[in-house]
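2 protein chains.
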Amino acid sequence: MATETRQRQADRSRGTRRKLMEATVECLVELGWSGTTTTVVAERAGVSRGAQLHHFRTRGELVAAAVEHLGAESVLHLKERAARLNGDSPEERIPAVVELIADFYASDLFTAALELWVAARTDAELKTVVVPLEVRLGRETHRLAVELLAADEAKPGVREAVQITLDLVRGLALANQLTDDGKRRKRIVRHWAQMLEAAL
Amino acid sequence: MATETRQRQADRSRGTRRKLMEATVECLVELGWSGTTTTVVAERAGVSRGAQLHHFRTRGELVAAAVEHLGAESVLHLKERAARLNGDSPEERIPAVVELIADFYASDLFTAALELWVAARTDAELKTVVVPLEVRLGRETHRLAVELLAADEAKPGVREAVQITLDLVRGLALANQLTDDGKRRKRIVRHWAQMLEAAL
Chain S
156 MATETRQRQA DRSRGTRRKL MEATVECLVE LGWSGTTTTV VAERAGVSRG AQLHHFRTRG
216 ELVAAAVEHL GAESVLHLKE RAARLNGDSP EERIPAVVEL IADFYASDLF TAALELWVAA
276 RTDAELKTVV VPLEVRLGRE THRLAVELLA ADEAKPGVRE AVQITLDLVR GLALANQLTD
336 DGKRRKRIVR HWAQMLEAAL
Chain Y
156 MATETRQRQA DRSRGTRRKL MEATVECLVE LGWSGTTTTV VAERAGVSRG AQLHHFRTRG
216 ELVAAAVEHL GAESVLHLKE RAARLNGDSP EERIPAVVEL IADFYASDLF TAALELWVAA
276 RTDAELKTVV VPLEVRLGRE THRLAVELLA ADEAKPGVRE AVQITLDLVR GLALANQLTD
336 DGKRRKRIVR HWAQMLEAAL
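Just so you know, the sequences run in chain order S and Y.
Its first residue numbered 156, the first sequence is counted upward by one per residue in the numbering used here.
Its first residue numbered 156, the second sequence is counted upward by one per residue in the numbering used here.
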């Protein structure tokens, strides 16, 4: 009985945490960093300020956790989509994978992260939270790209080609913030995929 | 005499305008968008609020003009550096030009523009000023890259290769905002320049 109660409490706690993180991402995307205050997030999540403080002591901690949470969910989603890709030949697989990675970037994850990164640039305290997060996300995304592209980084030039892929889709995602750049992005991604295939 | 007086007044007015725009860029880079208020900019520029209002009616107008001004100056600087490049063979010229373009992006111009773009995403009024500016800067940068690379866009794949160059350096510039990514950038740029040379 006591175990069940503890279990229920733990579930509720995890649920509260998740609601707060999801409301935070929504706020970042809709209102930007300046509009994403702890008060607005708590209201939107339907969570009391006390419960919020129990989970996240500062705004920076909350936002960084939210971006990391969304990052982890997006990685799972990307892996699921990659697992469903048809075709095993590099000519079919590489363009499809590059398109998935470009979509992974041109998403709410990127927009939310961008708000956080830009705010952290001129906020020393926030920066101490965000820099390690950037390093972790960067490493994880690189590892994921290597895996999905079946890239052999021991071959000369392959590591650089994977990095170019990630820097390129980051640049494309940035070009998508104010206006819909989807059509141009598709064309660029297709073209890069051909060059990448030759490089791998 | 009257002509001389009018000339002096026009010079003074241009000087005031320039001081305001330069102070705005400094503020954006140091303090970010939220810290770049018209009051802070006027103080830093040593310009009265009245004189400031005479030149720029709103904060959005001031910041957009400052970014456009810095963009024009940066283009001139880039052209000067490109004119001094040694070597006319593509093997020498292309890596040097790509490095210049990457430096052009990983600069205060990019940082200031990034602050403005991100703020405009969630500010409808600001967005109406920034979207046309983004289009103008994008076109001008593309034209400049084509010229400096002596790229023949009539050849298949060349236009896309130039666009990949610009999207890539934009992604690299973003990776440089929180930490100094200069060493990795240099390596990626060198590698891309080889691929670009083959594509052109």
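For the record, the hints were derived by calculation from the structure and aren't laboratory data.
Heads up, a few of these hints could be off.
Heads up, the list lumps identical chains together, so a pair's fine if it works in one copy or across two of them.
Cut-off 30 Å, straight-line C-alpha distance, at most; resulting in silico cross-link-like pairs (DSS-like, lysine-lysine) [as the list claims (entries may be wrong)]:
1) K341 - K310
2) K282 - K341
3) K338 - K174
4) K174 - K341
5) K338 - K310
6) K310 - K174
7) K310 - K234
8) K310 - K282
9) K282 - K338
10) K234 - K174
**Q.** Indices of hints not satisfied (ascending)
**A.** Numbers 3, 4, 6 and 8, in rising order.
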